[in-house]
Every structure is written in structure tokens, then in C-alpha cells.
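**Q** Single-letter residue listing:
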Amino acid sequence: MSDKTDDYEAVVQASRGEAVADFSKARASALDRVQHALHVNPALVPLVVLLGSIITFGLLLGTKFFSPFALTLILQQVQIVGIVAAAQSLVILTAGIDLSVGAIAVISSVIMGQFTFRYGVPVEISVAIGLLAGTAIGCVNGWLVAVMKLPPFIVTLGMWQIVLAANFLYSANETIRSQEIETEAPLLQFLGTTFKIGADADGRGGATFTYGVIFMVLVVVFLAYALRHTAWGRHVYATGDDPEAAQLSGVNVKRTLISVYGVAGLICAFAGWALIGRIGSVSPTSGQLLNIESITAVVIGGISLFGGRGSIMGTFFGALIVGVFTLGLRLLGADAQWTYLLIGVLIIAAVAVDQWIRKVAA
Amino acid sequence: MEPILKARGLVKRYGKVTALDNCDFDLNPGEIVAVIGDNGAGKSSLIKVLSGAVIPDAGHVLLEGRKVRFSSPNDARAEGIETVYQTLAMSPALSIADNMFMGRELRKPGVMGSVFRQLDRARMEKIARDKLSELGLMTIQNINQAVETLSGGQRQGVAVARAAAFGSKVIILDEPTAALGVKESRRVLELILDVRSRGIPIILISHNMPHVFEVADRIHVHRLGKRLCVIDPKDYTMSDAVAFMTGAKEAPAA
Amino acid sequence: MKNLLIGTLLASGTMTIAMSGAALADAHGTSACLITKTDTNPFFVKMREGAEAAAAEAGITLRSYAGKIDGDHETQVAAIETCIADGASGILLTASDTSSIVGAVTQARDAGLLVIALDTPLDPIDAADATFATDNFLAGELIGQWAAATLGDEAANARIAMLDLAVSQPTVGVLRDQGFLTGFGIDVKDPSKWGDEDDPRIVGNDVTAGNEEGGRKAMENLLAVDPTINVVYTINEPAAAGAYEALKSIGREGEVLIVSVDGGCPGVQNVADGVIGATSQQYPLLMAAKGIEAIAAYAADGTKPENTPGKDFFDTGVALVTDQPAEGVESISVEEGKALCWG
Numbered sequence: 001m002s003d004k005t006d007d008y009e010a011v012v013q014a015s016r017g018e019a020v021a022d023f024s025k026a027r028a029s030a031l032d033r034v035q036h037a038l039h040v041n042p043a044l045v046p047l048v049v050l051l052g053s054i055i056t057f058g059l060l061l062g063t064k065f066f067s068p069f070a071l072t073l074i075l076q077q078v079q080i081v082g083i084v085a086a087a088q089s090l091v092i093l094t095a096g097i098d099l100s101v102g103a104i105a106v107i108s109s110v111i112m113g114q115f116t117f118r119y120g121v122p123v124e125i126s127v128a129i130g131l132l133a134g135t136a137i138g139c140v141n142g143w144l145v146a147v148m149k150l151p152p153f154i155v156t157l158g159m160w161q162i163v164l165a166a167n168f169l170y171s172a173n174e175t176i177r178s179q180e181i182e183t184e185a186p187l188l189q190f191l192g193t194t195f196k197i198g199a200d201a202d203g204r205g206g207a208t209f210t211y212g213v214i215f216m217v218l219v220v221v222f223l224a225y226a227l228r229h230t231a232w233g234r235h236v237y238a239t240g241d242d243p244e245a246a247q248l249s250g251v252n253v254k255r256t257l258i259s260v261y262g263v264a265g266l267i268c269a270f271a272g273w274a275l276i277g278r279i280g281s282v283s284p285t286s287g288q289l290l291n292i293e294s295i296t297a298v299v300i301g302g303i304s305l306f307g308g309r310g311s312i313m314g315t316f317f318g319a320l321i322v323g324v325f326t327l328g329l330r331l332l333g334a335d336a337q338w339t340y341l342l343i344g345v346l347i348i349a350a351v352a353v354d355q356w357i358r359k360v361a362a
Numbered sequence: 001m002e003p004i005l006k007a008r009g010l011v012k013r014y015g016k017v018t019a020l021d022n023c024d025f026d027l028n029p030g031e032i033v034a035v036i037g038d039n040g041a042g043k044s045s046l047i048k049v050l051s052g053a054v055i056p057d058a059g060h061v062l063l064e065g066r067k068v069r070f071s072s073p074n075d076a077r078a079e080g081i082e083t084v085y086q087t088l089a090m091s092p093a094l095s096i097a098d099n100m101f102m103g104r105e106l107r108k109p110g111v112m113g114s115v116f117r118q119l120d121r122a123r124m125e126k127i128a129r130d131k132l133s134e135l136g137l138m139t140i141q142n143i144n145q146a147v148e149t150l151s152g153g154q155r156q157g158v159a160v161a162r163a164a165a166f167g168s169k170v171i172i173l174d175e176p177t178a179a180l181g182v183k184e185s186r187r188v189l190e191l192i193l194d195v196r197s198r199g200i201p202i203i204l205i206s207h208n209m210p211h212v213f214e215v216a217d218r219i220h221v222h223r224l225g226k227r228l229c230v231i232d233p234k235d236y237t238m239s240d241a242v243a244f245m246t247g248a249k250e251a252p253a254a
Numbered sequence: 001m002k003n004l005l006i007g008t009l010l011a012s013g014t015m016t017i018a019m020s021g022a023a024l025a026d027a028h029g030t031s032a033c034l035i036t037k038t039d040t041n042p043f044f045v046k047m048r049e050g051a052e053a054a055a056a057e058a059g060i061t062l063r064s065y066a067g068k069i070d071g072d073h074e075t076q077v078a079a080i081e082t083c084i085a086d087g088a089s090g091i092l093l094t095a096s097d098t099s100s101i102v103g104a105v106t107q108a109r110d111a112g113l114l115v116i117a118l119d120t121p122l123d124p125i126d127a128a129d130a131t132f133a134t135d136n137f138l139a140g141e142l143i144g145q146w147a148a149a150t151l152g153d154e155a156a157n158a159r160i161a162m163l164d165l166a167v168s169q170p171t172v173g174v175l176r177d178q179g180f181l182t183g184f185g186i187d188v189k190d191p192s193k194w195g196d197e198d199d200p201r202i203v204g205n206d207v208t209a210g211n212e213e214g215g216r217k218a219m220e221n222l223l224a225v226d227p228t229i230n231v232v233y234t235i236n237e238p239a240a241a242g243a244y245e246a247l248k249s250i251g252r253e254g255e256v257l258i259v260s261v262d263g264g265c266p267g268v269q270n271v272a273d274g275v276i277g278a279t280s281q282q283y284p285l286l287m288a289a290k291g292i293e294a295i296a297a298y299a300a301d302g303t304k305p306e307n308t309p310g311k312d313f314f315d316t317g318v319a320l321v322t323d324q325p326a327e328g329v330e331s332i333s334v335e336e337g338k339a340l341c342w343g
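Chains as they are written, first to last, in full-length UniProt numbering: chain L, 1 to 362; chain W, 1 to 254; chain S, 1 to 343.
Please keep in mind that the hints were generated in silico from the structure rather than gathered at the bench.
This one's a predicted model, so the numbers in the text were calculated from it and none came from an experiment.
Any given hint could be a false lead.
What the hints assert, rightly or not - Computed footprint of chain L on chain W; a stretch qualifies when at least three of its residues, placed anywhere within it, have a C-beta under 8 angstroms from a C-beta of chain L:
| no. | stretch |
| --- | --- |
| 1 | 69-82 |
| 2 | 85-93 |
| 3 | 104-111 |
| 4 | 117-130 |
What the hints assert, rightly or not - Across the chosen pairs, the derived CB separations fall in these ranges:
| no. | chain 1 | residue 1 | chain 2 | residue 2 | range |
| --- | --- | --- | --- | --- | --- |
| 5 | L | G158 | S | H73 | 56 to 64 angstroms |
| 6 | L | R358 | W | G9 | 44 to 52 angstroms |
| 7 | S | A166 | L | A165 | 21 to 29 angstroms |
| 8 | L | I348 | S | I125 | 38 to 46 angstroms |
| 9 | W | G181 | L | D32 | 21 to 29 angstroms |
| 10 | L | R358 | W | Y14 | 46 to 54 angstroms |
| 11 | W | A78 | L | R358 | 33 to 41 angstroms |
| 12 | W | G9 | L | A352 | 56 to 64 angstroms |
| 13 | W | D57 | L | I162 | 35 to 43 angstroms |
A virtual CB, placed ideally from N, CA and C, is assigned to each residue, including glycine.
Isolated chain L (complex conformation) (with noise of 0.2 angstroms):
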């Protein structure tokens, strides 16, 4: 017995100038600094196509394009689609997918609405119940994920539809028309108050803003730091990292998935309040396409649909490309068709970008 070990000490020996383990690796070609500065920060990508754009279109509409004006238009534009796919990049970042949110965001608006109008509740708590109802379903999301184990997809999927023809059950599609909630209940349209920058004495052009532009950058910020700086934000990466070995390595994954789809929710539940200031009155019909185009932010935004990696920032540049792309291709006067066609190109390439950046696991 002993002569085998010996061999095995003739290899320690050789060893012992080596530490047991070594981190320091020679980063030999740029690229691969590239890579690992994407790994570290996958908000890059996105970053840098979102300057690029702008100038580009800056470049080629002039001033018509590069004005405050234009600028902030793009943001107003976003608004609803950034709140939600803040919400989309935290369900994604656990390896999870939801399809409910545009349905969540335009049923909370339609309990907000209804609640003030039809049953005369004061609109300070229809709004509260509202924010209730999107909260209560995003949890619902979340329990059957986390403790039914049901695929994220699947559930989302027919919560989507159960959501969305509940809103018209509910609502029997009627509108509340912009001209009666600014007179009876101004608290609906609140983030939909303007505010501008640099106009001129008439009150046209320069920067403006929104308080929902004001709200979607402020989601934006709290999840980036609540992600980074906080355990909780850590539990959420290591949830879509690799459920079992967070489990093992004591994170309660149950209750950080159902925390994720609850504050899900209630963010959608926020931006169908931000929709009503957006579009000024409570339409049920609104938002049907909010599931996909949140999830085509994020997607561009660089979060990876396997979960567990990516940032919030990511997604808010992702809305943002979009929002440029489609103001700038219509400024240029190019058919609709072209923005999705380039959208198309944009979330393709950001998966290839997203597995290349995985191969430096390999």
C-alpha cells in the first residue's frame, strides 16, 4: 500500500510550487478580453447598439431626428413597453417566461377604471386594487411555477388567456373614454402627465417628459440595484443559474420565484396605470402584443432566455433599440414592415451573441 502512495506523493511534490488553485490565466487574444467583458457586463452589447443607432439615425435625418423632441418622443414611446419588460427580464432571469404580462397590465388598468366608474369607489383605492389584482395574479403565476412545478410557459400561457378573457367579461369591452376619467378621476392619467424642458414660448418642442417616462426609469434603477445589492437579487440569478444547486446552497427557491412573479405582476399592474395616462382612456383591447414585445427587449437586451444571466439595464437599452429603430425607420419614411424585419435581425443576432458569451464557461 505504502509504494502507492509514494507515487502519489512524487506528484505532490511536483505540485507543491503551484498553488492548489490558480485564477490568474493568461487573456491572450483581444477578442477573448472582449468576451469576458461581455460576460462581465452583458449590458454592452445592447449599450453600444443603442448609440450606434441613434447616431446613426441622427445621421441620416439630421435635426428632424436629433432633437429633444424626437428623443423624448422615443421614451413615450417605450414607456409601457419598458415597465413591462422590466418585469419580463426578472421572470426571465429565473429561467422563466411570462406571456400574462400585457393581460395583467390591461386587466389592472380595467379594475382601476371600473372600480372608479362603475362601482364609485374612491379612485386613490381603485387604483391600489388594481396594483391588488396584477400583484395577486403574478403570485398566482408564481405558486403554480414554484410549487405545482408546472413550465413557466405553460402556466403563463393560460393565465394569459384566462387574464385576457376575464378583461373582456369583465369589462364587456367597454371603453372609458379619456374626456370622463379627466374630469372625475385625474388620478388615473397621473403618469401620464407631461412635463417639458426647453420649449418654446408656444409650449412646442423641446424635451418631453412624462411622469410614466419618469416611472420607467425608476423601475428600472430599483431592479438594477435590488438585483445587485441586495440578497434577494442574488437568490433570483442563482434561481435561473441552476434551481437545484441554489436550493442546495440554501436559497428557499420557492419563495424567491414567487416574490419574482408577485413583483412581476405588480410592475404590470403599474404599467397598465401608466397605459391609462399613455392612451388617456381605459380600452380593453389595448396591450395585446406587450407579451411579445416585452420579451423581444429583453431578449435584445442581452438576458438570456436559459436564465440567470443578464441585466435590467440590458433590457431598458433592448426597449429602447426598438423604440429608435421604429421612430427612425419611420421618420425615414421606410414601410412598417422594415422595423420588424430589422427587429427580427436584432433578437437572432442577440441569441448568438448571448451563446457565444456562454462558451466562456467552456
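Following the hints, position chains W and S against chain L.
**A** Positioned in the frame of chain L, the structure of chains W and S alone reads:
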């Protein structure tokens, strides 16, 4: 010497299959006990009971003479029994520091921690770096490096360091060298000895006889759901151990 | 066991419904189908109400079907097949896909069913036995004439935004768009598509999907092209409401003339509130009621409905709703419009 971890009369059945059949187990302070056994002998059921992943149908576990009941790995962890799973249970995309503190993150003191729930990254990184250094995993360039950028041996090192870092009483290592090459296995074995020298007893599950014979103080041979015998590696050869395991040879009286 | 029980209950439930349906059909002899694009749009809800009321009066059993969303072609085909199998006398159809549905429609007509296209003509229009619809070109023309007359001499310097339906240019959208331009006095070039006009007064076309969100976005896009827009054509009233919000956000809502088509109750209310200057009102309830009457007549003695003289469809009428009547353009007041509105 009173064993630090002791199991008596463990029974675990899965339907008609009896995985643990009145099984006993002892781990003394400061020693490495290897658990060996043929596939299907019930090794992993035993380990799962000790680490809290499985609740036994009968029998009990004593930690430092105290009866303990685990209903989840977290319970066992709270009692100071850390397990390094074969899969390592790490999140590849997260950093070394994040992984080491997963599930027991430190928050900043004051308002930032209590209200804003902000993590104390600086402190976690420092502790992580210190723990890795203590175990000779010194040359860390970047504690914020993602775990997936590490080699298999390095990951194993981080996982063992994580287990050893939090005042644990017992560390269970499940096949720590199974996925590693010769050189990396060496480093991990060294690390195991290093951990023991710091007074933490280790339960080592392994199929690799040379590794077992090299580091174990005693070897628990598991067969047909129970402890067949405990042997001292200095008194027997590897082929003896294999013969006991497979039943080819009569076991010595325990 | 439990599942079996539920299954049995469900099965027996379905059978009861089916049997009672069959019993009803037997008692009255005649049944008809109403197939709409969706059952959520108030326009189709109203259409169904009209059909149900007329069917009850004529003693006809009515079955209603709808696609899940606008553009859901498969569900409509399945509905037609169900109606044929069901032995219905006739089908009232608002097709999502006006040309693809023709195959299924032919199949139904071959099986002896009377097929009436409601609201949306098929492509070709004579693929159906009859079409009961609004004259969408006329609807557009009325608001075009009204806008031009209201602007007066300023019409020569108008800056016009065209908020259309969809890039696929469905017939309804094209007819309204081209009607509006014709009424306004602009050369439409090819009347079968929009966007080919070169009149400098047109700032641009954008699509709205016919809802508030799309209306707002399209308006914003066109305002970015030219912030001095002062005439806005919209495909329908939700799009108009969205366009209004966009104008309001830059403080120009008072200076712009918005015109629209539909005549839904919220839309008419928006005319009253000054959001929309004028809208062309159509009558879905009438379409459905007339359709049911036609099926009843066909079931009784095989007579087929006649077209409105001079048109290749049966015109259910359109009226301009505004409280600011313009010289030479016939219109009804908002009060009258409210009494006739739908949704």
C-alpha cells in the same frame, strides 16, 4: 472517544426496496471517514439522511450526543453539517464571493442594510478571499470572477472552502474527485487533508480506492443497506476492501 | 374515479345542451349562423344583439361564432363547416380574411346555404350571395367633404395626417382612406391602395391597428415628421382618441381637426366633447337585422336579397355626425347620433 456524528438503526424504504436496513454510522472528531460501497448499496441514501436531504423512516442521528432531526438540507446546515455535492451546487454565472455567501449573505450595517437591504460586498469579498487563502487557494486574482470561468478543481476548491468557511462541525464530500483529472484530484485531496488539519471531521464518499486509502483514517464499508464493517486502511489492501464491498470476502468482525 | 365522474357529468351536460339545441331547431325549422371577427369588439357585440333580436322575432335559431382575435381565419372556417354540418339555412359573416375564406364560403353555398357578408365585403365581392355593409368609401367621403368645407379656403394649405388601419391595407381601411381624400379634393391615384398619393398637403400615412395606443403612436410619429399638422383622418374612433392624446401632450389639441368613422357611442360622445370634429356613423345592428330577415325569406321561399341600386352591395346607410354642420354636407346632430350609436 465519543463520535461527533452518530447514526443508529437508520431505515429508509422506497416502496418495496429497502435502501437503508437498520444502518449505523460513526464519525469521530478530527477524522476522515470514507464511505465505500457498491452501486445500490445505499451509500447515497445514508449520506442524504445525514445531510438532511432525506428523512429516514426509522432510526436517529446524534450530533455531539444530541438527537437531531433534519427535514431539509438547510436544517442540517444550520446544525453545522455542510455538504459538498457532487454537482457542487454552485451558480456558474455568479462570482466566487456570491457563491460562497449564497443563502447567508451579509448586509451592510445601519440603514443601508436594514432598510435598503444592501449587501456588504466589501466584507463578503474580504471574508471569501481570506477563507480561500487560509486553505491555500491563494492566488486569486479576482474574487468577482464567475465560477464558470474556473477549472473543475478550482470549483471544487471553492465549494470545499465554502463548506469549511462557516464554522461547520462536519463536512460531507460527495465524490469530490470523480470529475477531475489526476493533477486536479491531487490538489483537492491535499485540500481535504488541509481541512482536517484544521480540526473539521470529514465524511468522504468516493469510488476511487487509491484516493480513499490515501486520505481516510477509517473506512466505512457499506453493503446491502447497512454498515458491513469499518476498517483501518493501514491494515487492509484495496483489493480487500473491494472484496468486502462486493461480498467476495467475509468481513472482519466490526 | 373522480375524473371519470367529472367526465361523465361533462359529457351528459354537453349532450343535454346539444339535444335542447336540436329540439329548438326542430321546433322552428330554420337556423342561421352569425360569424364575426371577434366577440369582444363592441361593433360585433352590437351586431350580435341585432341578429339575436331579429332571429327571435322571425323564429329562427341563431348560433354565433367568433374568431379569437381579428385575423383569426381558421376559427371562421371551422365555424362555416360547423354551420354546414348543422343544416343551417344561412350564414352571416364578417370575414377576417376576405379572400382566403372564399373556399369555405363556396362550399357553404354549394350546400345550399345563403351566405351574406356583413360589414366587410368578400374578395371578390360576389363570392357571397349578398353583402350588407356600410358604404365605407362614402363614409370617408363625407368626413373629407366636411373637413374641406370646415377649413374653407385654408383647405388649400392643410397639413394632413392619415392614420390608417394596418400595413396589409384591408379593404375597409383603403375605402375609408380613399373616400376621405376624394371628399377633401385630393387626387387618390390608384383607389385600391393608400399611400401612393403625391399631394404635398399629405404629411404621411401611419398605421394604428385601430386602437388608442396605435393612434397615439402613429400621431406622434407623424408629428415628428411635421409638427404643424392640422387635419387628422383616423380609421376609427379609438384611433382618433389616441391621436387626440398625442396632440394634447404637445398642447395642440385645440388647433387640429380630427375626423373619423364608426359612430360607436364613445366616439359620438367624443364628437360632443370636441375631441373628434365629425364622424361617419355606420349601423351594425341594422346590418345584422336585415341579414336575418334575408335568411328567413330565403328559408321560406328561396328569394335572395337584392343589392342597393347602383351599388354591388346592400347599403345599410351611413350618416355624418357633427355639431358643427358644414355648408353642403348633410349631417345629423350629436343628439341624433347618440340615439343610433352602438357599443
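**Q** Indicate, hint by hint, whether the structure satisfies it.
**A** Verification of the hints:
1. 69-82: holds (count 3)
2. 85-93: Holds, because 8 residues of the stretch 85-93 of chain W bring their Cβ atoms closer than 8 angstroms to Cβ atoms of chain L.
3. 104-111: holds (count 3)
4. 117-130: Since three or more residues must qualify, the claim that chain L covers the stretch 117-130 of chain W holds, with 4 doing so at under 8 angstroms.
5. L:G158 x S:H73: 56 to 64 angstroms: violated, 24 angstroms
6. L:R358 x W:G9: 44 to 52 angstroms: holds, 48 angstroms
7. S:A166 x L:A165: 21 to 29 angstroms: Taking Cβ atoms as reference, S:A166 and L:A165 lie about 24 angstroms apart, which means the hint holds.
8. L:I348 x S:I125: 38 to 46 angstroms: Holds: the Cβ-Cβ distance is about 41 angstroms, inside 38 to 46 angstroms.
9. W:G181 x L:D32: 21 to 29 angstroms: holds, 23 angstroms
10. L:R358 x W:Y14: 46 to 54 angstroms: violated, 37 angstroms
11. W:A78 x L:R358: 33 to 41 angstroms: holds, 35 angstroms
12. W:G9 x L:A352: 56 to 64 angstroms: Since the Cβ atoms of W:G9 and L:A352 sit about 58 angstroms apart, the hinted range of 56 to 64 angstroms holds.
13. W:D57 x L:I162: 35 to 43 angstroms: holds, 42 angstroms
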